[in-house]
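Got chain H; can you put chains C and F on it based on the hints?
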Amino acid sequence: MSGNAEEVRKHIAIYKKIAGALAVGTIVTVLASYLDVSVALGITIALIIASTKASLVAVYFMHLGEERSQWLNLTLGMTAAFWLVLMLVPLFTFSDHIGVAKTLPNANAPMEHAAEAH
Amino acid sequence: MEIPYTVAVRPDTGLNNVKLGIWLFLASEVMLFGGLFSTYVLLRMGAVEWPLGAEFLNIPIGTVNTAILIASSVTMVMAYASLKLGDFAKYKTYMLATVLLPVLFLCIKGYEYYEKVQHDHLPSHSTFLAIYWTMTALHGIHIIGGIAVNGYFWGPGSKMWHTKPAMFENRVEAAGLYWHFVDLVWIFLFPVLYLL
Amino acid sequence: MDNVTTAEGIAHAEHGHEAHELSFLQTYVFSQDHKVIGIQYAITALLFLLFGFTLMMLMRWNLAFPGRPIPVIGNFLGMANAPGGIMLPEFYNQLGAMHGTIMVFLGVVPLAVGGFGNYVLPLQIGAPDMAFPRLNMASYWSFFLGGVVMIASFFVPGGAANSGWTSYAPLSVIALEGQTWWLIGMMFLITSSLLGSVNFIVTTLQLRAPGMSFMRLPFFVWAQLVTSFLLLLAFPPLEAAGVLQLMDRVADTSFFMPSGLVVGDGPLEISGGGSPLLWQHLFWFLAHPEVYVLILPALGIVGEIVANNTRKPLWGYRVLVYSVIFLGFMSFIVWAHHMFLTGMGTTISTFFQTTTMIISIPSVVILSALFLSLYGGSIRYTVPMLFALAFLPMFGIGGLTGLPLGLTAPDIHLHDTYYVIGHFHYVVAPGTIFALFAGIYYWFPKATGRLMNDLLGRIHFWGSIVAINCVFMPMFITGLAGMNRRLYDGGMQYAHVQGVMEWNAFMSYGAWALGFFQIFFIFNFFWSIRHGKKVGNNPWQSTTLEWQAPSPPPHGNFSTPPEVHRGPYEYSVPGASSDFSMQGEAPGADPEPAKV
Numbered sequence: 001m002s003g004n005a006e007e008v009r010k011h012i013a014i015y016k017k018i019a020g021a022l023a024v025g026t027i028v029t030v031l032a033s034y035l036d037v038s039v040a041l042g043i044t045i046a047l048i049i050a051s052t053k054a055s056l057v058a059v060y061f062m063h064l065g066e067e068r069s070q071w072l073n074l075t076l077g078m079t080a081a082f083w084l085v086l087m088l089v090p091l092f093t094f095s096d097h098i099g100v101a102k103t104l105p106n107a108n109a110p111m112e113h114a115a116e117a118h
Numbered sequence: 001m002e003i004p005y006t007v008a009v010r011p012d013t014g015l016n017n018v019k020l021g022i023w024l025f026l027a028s029e030v031m032l033f034g035g036l037f038s039t040y041v042l043l044r045m046g047a048v049e050w051p052l053g054a055e056f057l058n059i060p061i062g063t064v065n066t067a068i069l070i071a072s073s074v075t076m077v078m079a080y081a082s083l084k085l086g087d088f089a090k091y092k093t094y095m096l097a098t099v100l101l102p103v104l105f106l107c108i109k110g111y112e113y114y115e116k117v118q119h120d121h122l123p124s125h126s127t128f129l130a131i132y133w134t135m136t137a138l139h140g141i142h143i144i145g146g147i148a149v150n151g152y153f154w155g156p157g158s159k160m161w162h163t164k165p166a167m168f169e170n171r172v173e174a175a176g177l178y179w180h181f182v183d184l185v186w187i188f189l190f191p192v193l194y195l196l
Numbered sequence: 001m002d003n004v005t006t007a008e009g010i011a012h013a014e015h016g017h018e019a020h021e022l023s024f025l026q027t028y029v030f031s032q033d034h035k036v037i038g039i040q041y042a043i044t045a046l047l048f049l050l051f052g053f054t055l056m057m058l059m060r061w062n063l064a065f066p067g068r069p070i071p072v073i074g075n076f077l078g079m080a081n082a083p084g085g086i087m088l089p090e091f092y093n094q095l096g097a098m099h100g101t102i103m104v105f106l107g108v109v110p111l112a113v114g115g116f117g118n119y120v121l122p123l124q125i126g127a128p129d130m131a132f133p134r135l136n137m138a139s140y141w142s143f144f145l146g147g148v149v150m151i152a153s154f155f156v157p158g159g160a161a162n163s164g165w166t167s168y169a170p171l172s173v174i175a176l177e178g179q180t181w182w183l184i185g186m187m188f189l190i191t192s193s194l195l196g197s198v199n200f201i202v203t204t205l206q207l208r209a210p211g212m213s214f215m216r217l218p219f220f221v222w223a224q225l226v227t228s229f230l231l232l233l234a235f236p237p238l239e240a241a242g243v244l245q246l247m248d249r250v251a252d253t254s255f256f257m258p259s260g261l262v263v264g265d266g267p268l269e270i271s272g273g274g275s276p277l278l279w280q281h282l283f284w285f286l287a288h289p290e291v292y293v294l295i296l297p298a299l300g301i302v303g304e305i306v307a308n309n310t311r312k313p314l315w316g317y318r319v320l321v322y323s324v325i326f327l328g329f330m331s332f333i334v335w336a337h338h339m340f341l342t343g344m345g346t347t348i349s350t351f352f353q354t355t356t357m358i359i360s361i362p363s364v365v366i367l368s369a370l371f372l373s374l375y376g377g378s379i380r381y382t383v384p385m386l387f388a389l390a391f392l393p394m395f396g397i398g399g400l401t402g403l404p405l406g407l408t409a410p411d412i413h414l415h416d417t418y419y420v421i422g423h424f425h426y427v428v429a430p431g432t433i434f435a436l437f438a439g440i441y442y443w444f445p446k447a448t449g450r451l452m453n454d455l456l457g458r459i460h461f462w463g464s465i466v467a468i469n470c471v472f473m474p475m476f477i478t479g480l481a482g483m484n485r486r487l488y489d490g491g492m493q494y495a496h497v498q499g500v501m502e503w504n505a506f507m508s509y510g511a512w513a514l515g516f517f518q519i520f521f522i523f524n525f526f527w528s529i530r531h532g533k534k535v536g537n538n539p540w541q542s543t544t545l546e547w548q549a550p551s552p553p554p555h556g557n558f559s560t561p562p563e564v565h566r567g568p569y570e571y572s573v574p575g576a577s578s579d580f581s582m583q584g585e586a587p588g589a590d591p592e593p594a595k596v
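Chains as they are written, first to last, in our numbering: chain H, 1 to 118; chain C, 1 to 196; chain F, 1 to 596.
I should point out that these hints are in silico values taken from the structure, not numbers from a laboratory. Each hint should be verified, as a subset may be incorrect.
Listed next, the in silico BS3-like pairs over lysine-lysine satisfying Cα-Cα at most 25 angstroms (straight line) [as the list claims (entries may be wrong)]:
{"hint": "1", "chain 1": "H", "residue 1": "K17", "chain 2": "C", "residue 2": "K90"}
{"hint": "2", "chain 1": "C", "residue 1": "K92", "chain 2": "C", "residue 2": "K159"}
{"hint": "3", "chain 1": "C", "residue 1": "K90", "chain 2": "H", "residue 2": "K16"}
Label pairs and their computed distance ranges (CB to CB) [claimed, not checked]:
{"hint": "4", "chain 1": "H", "residue 1": "L47", "chain 2": "C", "residue 2": "A54", "range": "15 to 25 angstroms"}
{"hint": "5", "chain 1": "F", "residue 1": "P587", "chain 2": "C", "residue 2": "D87", "range": "34 to 44 angstroms"}
{"hint": "6", "chain 1": "H", "residue 1": "M87", "chain 2": "F", "residue 2": "F371", "range": "22 to 32 angstroms"}
From the three backbone atoms N, C-alpha and C, an ideal C-beta is built for every residue, glycine too.
Just chain H, same shape as in the assembly (with noise of 0.2 angstroms):
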């Protein structure tokens, strides 16, 4: 099943388009750390950043921009909704509430047994 040679070349020469657009990627999302904006503007910034990247891994190192298959459209579909649900509905509950939460100051602070405990 080996594929026609000059179609796989002209991949080929994709593949190292990708390549070093990722190399890049990664200098811009270190280099973007360093930026002073806030904390909310600065986790947008890195997942856009890394969703590009990972979407360039997806689409032409895995192929997903050449599959034509539509339960797998379906799988990919229903696995990133669900994967949403997962990520956004915790933190809707965390943040709608009956009653106040009540922090304790030491609340993640270092272990102050940490020398003696191990």
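Relative to the frame of chain H, chains C and F by itself:
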């Protein structure tokens, strides 16, 4: 007894069994890491204070590791392309790179872990470190799996090229899909843990 | 998507292992044949079901007669569990947690999906085996290992897990060693499930025989397909959560441990900052779809048996298919109805209340379609049909009692009471498990070439249906009175339940009677393997493809790949020469009715 469509594409679904199988597996892996990313978001939102990645993690090292993994993804796809061109020697070269690069990644990661232990930055130290250790370790286990699979297809498994080339190509494609996914996870993990 | 496949694809197939003599181990232990694996799953699962049932019968003693020594068995439970034969609360909690875990994860799902799915699905679609036979074998052994770990946990210091099958943090994090074993066992079981679900989906999509379009699939296959998608996408977050809980227990992390938690004599020395609610979210994200995993195969089995024993097609095939797909989708967005009392705000709880109400619609549609399928049918009251018929109103009761639980307001009163236990047991016990019994009686002749004994089957049925209602119906009464679940003494210490305490003993007698009537089934099952009445390929005169193969089918199932020309339920077609036409029957001999 023959199982149809292992390698041949079934017309009405547009897929062969192995490709569909690996994509389904990857869908479940998306949900696995999704659970962990969700955990990260929830814990961070609920934390009184959350350290900047740079406080505990070495960004240059992380960047190098990211480059290594992306490079291994490139060599993986080149290995597959070489097979499709019928160039077995080139395949072996690229596949070897795809096996060795993540070994280097793991060595560097191992060094990072070692440093952390030296400074008593263990998972029990804080929820940030807990999620860092857990997510990178789970990702690391997936890398080890990938090294094993790719190593097999570089080494003893590559004999199949001489007897059943179409099936071998098919298997390497599946291994490639898994490997690209492992790279994909790191593409998100690196900025989330190190840079934010 | 509806194009039919050609026989070419099958001709170009890759060879599986070459035909040669397999050793005993390869044939019966490490088999890659879906039928052997299906039987392995089924028998292992039945044993676990029996074990889990025994745990419950023990529990029911202490609920009926709190503080009294358990007769006979009490002497063998050990000082750590029942000194003097009197059950300790810690032991009761172990029994409770493990009863739930074993029944759901080691019993019902492996039987419904691993057993029935593995055995019947490839046959019903006309395939020679599953798409990945080795993966199938790995899936069974992973399940087996998980089961061994779970059972072994009873024997570690402190005993088995005792924080409920739901393993809520922080209790489960500070629990004794058994909980770690539970987590490890779950890892094996989840892995088994994932491998299985990949196999089922690929098999159903790729290995359908020529002519077997999606809308000609038996309803059982659709149910299994949706179930597999649920398992594939819902289990991984629980796997992640399991890893996190393991880390909390073993590495002292604080994923689920809040700050400032005090246990015993002082605050825990942990970093804190974790969230117990996070565990609940990740757990229920799986566990809600899991309950649909429990019911869907049962609906599929009942569908097959109803069509066969009414001698007419199922009512509303398309409606059934769309409903089951919609149900599967909705099942992912209702989970927090298990968490209404965690302090959730009104916006988010309204969202989940709404989705929960919406999901009841496809359930009702499916049940109604099955009921409507009876209308105008020539009903044969075979033993499978008795169980299938009983399933319908029992599942109805289970479903209806779910409604006040899905509405936030009544749930405030009913959450964590016996009402909940009554609700879910009605759906799973006289619901799913009855359907599974129906399936065993129905497909036993396919697997063995012999029928199970009819009289024993009827005794099993009538005894079980009466006893099971005696166990679970009173739970709605005690639950409405406010009796809490997971109380080792049946609520003895609470004033508000004193008025309903007498039901405890009644329910326990019902449970023990139910146990008694299973003896008829167990005996029948094993006796019929050797002494049951011998039958041919199609003793039930059914239409679906599995009845075209010999009983039992050989390795590879069909000597020539079947070609499908008809829908799955061509019973009583006007003008046909017999009251059923098999799916693989060539067209032309009888008038082909309009396509479904």
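Each hint tested on the structure:
Between H:K17 and C:K90, the direct Cα distance comes to roughly 20 angstroms. Compliance with the 25 angstroms bound is thereby established for this hinted pair. With a C-alpha separation of about 11 angstroms, the suggested pairing of C:K92 with C:K159 holds against the 25 angstroms cut-off. Restraint check for C:K90 and H:K16: satisfied, since their Cα atoms lie roughly 16 angstroms apart, inside the 25 angstroms limit. A hinted range of 15 to 25 angstroms for the beta carbons of H:L47 and C:A54 is consistent with their spacing of about 18 angstroms.
As the Cβ distance of F:P587 to C:D87 is approximately 51 angstroms, the hint placing it in 34 to 44 angstroms is violated. The hinted range of 22 to 32 angstroms is not satisfied by H:M87 and F:F371, whose Cβ atoms lie roughly 40 angstroms apart.
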